[in-house]
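**Q** Taken in sequence, the protein lines are chains A and B.
What the first sequence shows, in the numbering used here, is residues 24 to 355, in sequence order.
What the second sequence shows, in the numbering used here, is residues 24 to 355, in sequence order.
Note that these hints are calculated values from the structure, not bench results.
Certain hints may be false.
Coverage of chain A stretches by chain B, computed from C-beta distances (three or more under 8 Å per stretch; other residues unrestricted) [stated by the list, open to error]:
| hint | stretch |
| --- | --- |
| 1 | 54 to 67 |
| 2 | 129 to 140 |
| 3 | 143 to 154 |
| 4 | 165 to 176 |
| 5 | 315 to 322 |
| 6 | 326 to 335 |
Note that CB positions come from ideal geometry on N, CA and C, so glycine has one too.
Listed below, chain by chain, are the residues.
There are 2 protein chains.
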Amino acid sequence: MRLDAPAEGEGALIERIARRVGQASLSDAFRLVLGIGDDTAALQIGEQTLLWTADMLLEGIHFRLDWIDPASLGWKSLAVNLSDIAAMGGTPVGALLSLALPAERTGAWLDAFVDGLAECARAYGVALLGGDTNRAEQVVIDVSVLGVVAGRPVPRSGAQAGDWLLATGALGGSRAGLYALLAGEASAIDLTPHFRPIPRLQVGALARELGATAMMDLSDGLAADLPKLLRASGVGAVVCAAQVPVHPAAAHWAQAHGLDPVAFAIAGGEDYELLIAAPPPVAQRLLERVPAETGVPLAHIGEVIAAQEVWLQRADGGRESFAIGGWDHFRA
Amino acid sequence: MRLDAPAEGEGALIERIARRVGQASLSDAFRLVLGIGDDTAALQIGEQTLLWTADMLLEGIHFRLDWIDPASLGWKSLAVNLSDIAAMGGTPVGALLSLALPAERTGAWLDAFVDGLAECARAYGVALLGGDTNRAEQVVIDVSVLGVVAGRPVPRSGAQAGDWLLATGALGGSRAGLYALLAGEASAIDLTPHFRPIPRLQVGALARELGATAMMDLSDGLAADLPKLLRASGVGAVVCAAQVPVHPAAAHWAQAHGLDPVAFAIAGGEDYELLIAAPPPVAQRLLERVPAETGVPLAHIGEVIAAQEVWLQRADGGRESFAIGGWDHFRA
Chain A
24 MRLDAPAEGE GALIERIARR VGQASLSDAF RLVLGIGDDT AALQIGEQTL
74 LWTADMLLEG IHFRLDWIDP ASLGWKSLAV NLSDIAAMGG TPVGALLSLA
124 LPAERTGAWL DAFVDGLAEC ARAYGVALLG GDTNRAEQVV IDVSVLGVVA
174 GRPVPRSGAQ AGDWLLATGA LGGSRAGLYA LLAGEASAID LTPHFRPIPR
224 LQVGALAREL GATAMMDLSD GLAADLPKLL RASGVGAVVC AAQVPVHPAA
274 AHWAQAHGLD PVAFAIAGGE DYELLIAAPP PVAQRLLERV PAETGVPLAH
324 IGEVIAAQEV WLQRADGGRE SFAIGGWDHF RA
Chain B
24 MRLDAPAEGE GALIERIARR VGQASLSDAF RLVLGIGDDT AALQIGEQTL
74 LWTADMLLEG IHFRLDWIDP ASLGWKSLAV NLSDIAAMGG TPVGALLSLA
124 LPAERTGAWL DAFVDGLAEC ARAYGVALLG GDTNRAEQVV IDVSVLGVVA
174 GRPVPRSGAQ AGDWLLATGA LGGSRAGLYA LLAGEASAID LTPHFRPIPR
224 LQVGALAREL GATAMMDLSD GLAADLPKLL RASGVGAVVC AAQVPVHPAA
274 AHWAQAHGLD PVAFAIAGGE DYELLIAAPP PVAQRLLERV PAETGVPLAH
324 IGEVIAAQEV WLQRADGGRE SFAIGGWDHF RA
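Given these sequences and hints, build the entire structure.
**A** In structure tokens, the structure reads:
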């Protein structure tokens, strides 16, 4: 897969908006560190660097109310934003909740939703500070999160040829849950990865501290997200198929349906794991310290190369294009 | 109208969420100045006080695409948030845009929408820093804005018995536009107040600087919003009907349809004018300086009283209850 072509789908849409808006000009009190196109915006105010992000979840597009319980939906609505803060190496501070609800969701359903969101907020030290409520025919949730980062946040654009590529946790578990729900076989699979993603805040902070060059969270699947990091950095990569950490639920689902587990795992969206690029000495330290200090597995999945291409290296020595799919709202 | 009863509709929903979430606990680097229930959240970071707000606009609920052109919708999406920053006496800094769009809105329609939003951003010195795009069957827009305020923001809760009540601009113009659109008589009315509200940032900053005790923006109409400010402050008010500034479009529409212009104007939502409470000497200075320095009309519409009641004082000396209506998403 070549990486020097223009972005398509959602990426192209964001580029279109960014071009049209032009250069951000901030008032004197602030300095823009990162604008449109990274996991979060970053702006400096006095000694602090603020991180700021928002994610919208829509009924019928991102979730179905006959599948997900309200408490899990509340957890997930906040967790996906915290994952963006983690991807910069930051610490979340507060959240705003914009909510549109049908009238029949304003009672016990809302209470359970708020309980799930508050549980996630408490778990990661985030204060819910306000928001907006509206009536609508379908549930729409937009959570905005503000965080801070000590020093410079880790952008998507810093990867260098020779860096190692690392991934936290395991991939494809959320996709396996989604596929099981779609097939009406939900009881066959653990739905926790799909319903309650874990933001990798400790790992992100450690990666920033030790000197990771680029980082992002995997929300659209490794196959869709890795090219974004590489394109932003002007580099390419080779990923080792045998090193990709496949979630047990993904392996189970793929085997039961005659699919290749690695291909299934790297196409999987909503992993909310971190993809990290780091020079080999930094990567080696992370591979030791992350599992030991945070309990989160970390895998060395490949290398950054200078050529703007991305390949999947098979165990038999063959290479195949990485353009396996991944999730794009505007091509789905 | 008595004010000591529990809030209903959207107010009750917000109180329900706030109760369930409990007290916000911020990390050590921050101090919460204002949480859920004011025009914006406010948190202190170092020497700066940040203001933070979000507003969601939904197709079919807040706007119809056969009525509003995309550039005006872009303008309005940002302006309604800037109005919240104005209501605290603050200055906006940056914005995030979360957007859900049907595929047929991703071309020229999106360009015009972004142009309108960028026009508003340039007019008020705001940088668009990022956001989120999604596919959906209907357009959903959620803009989040971050601002700063020098010193303490003006809350809703500071009004004191004896304060004067002031209102910027004129009321009911947006409602007249909405009614004309609903009646298929849009050509009869100037739709600018409905499509392109003007955030009163200069007025808000001046009111804060001179010592206003309470302030909010009128998004749901004076009849719905004044009780919110009074309830937050634990006071009541008498509003003088003859002093309410009625927008010419509202007067025109009311007269043409046999309605009372003042009743029509105070029930009108989406005015995005400021409602200000201030001790008489401060109010008098504002009544002189605001029109002279900002070009925005300012009217003295009533007084704050200790009793938790709100009355409309008629020109003939009679009083009537203020419970005229106003806009509530959950009762509409």
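**Q** Output the indices of the hints that this structure fails to meet, ascending.
**A** 5 and 6
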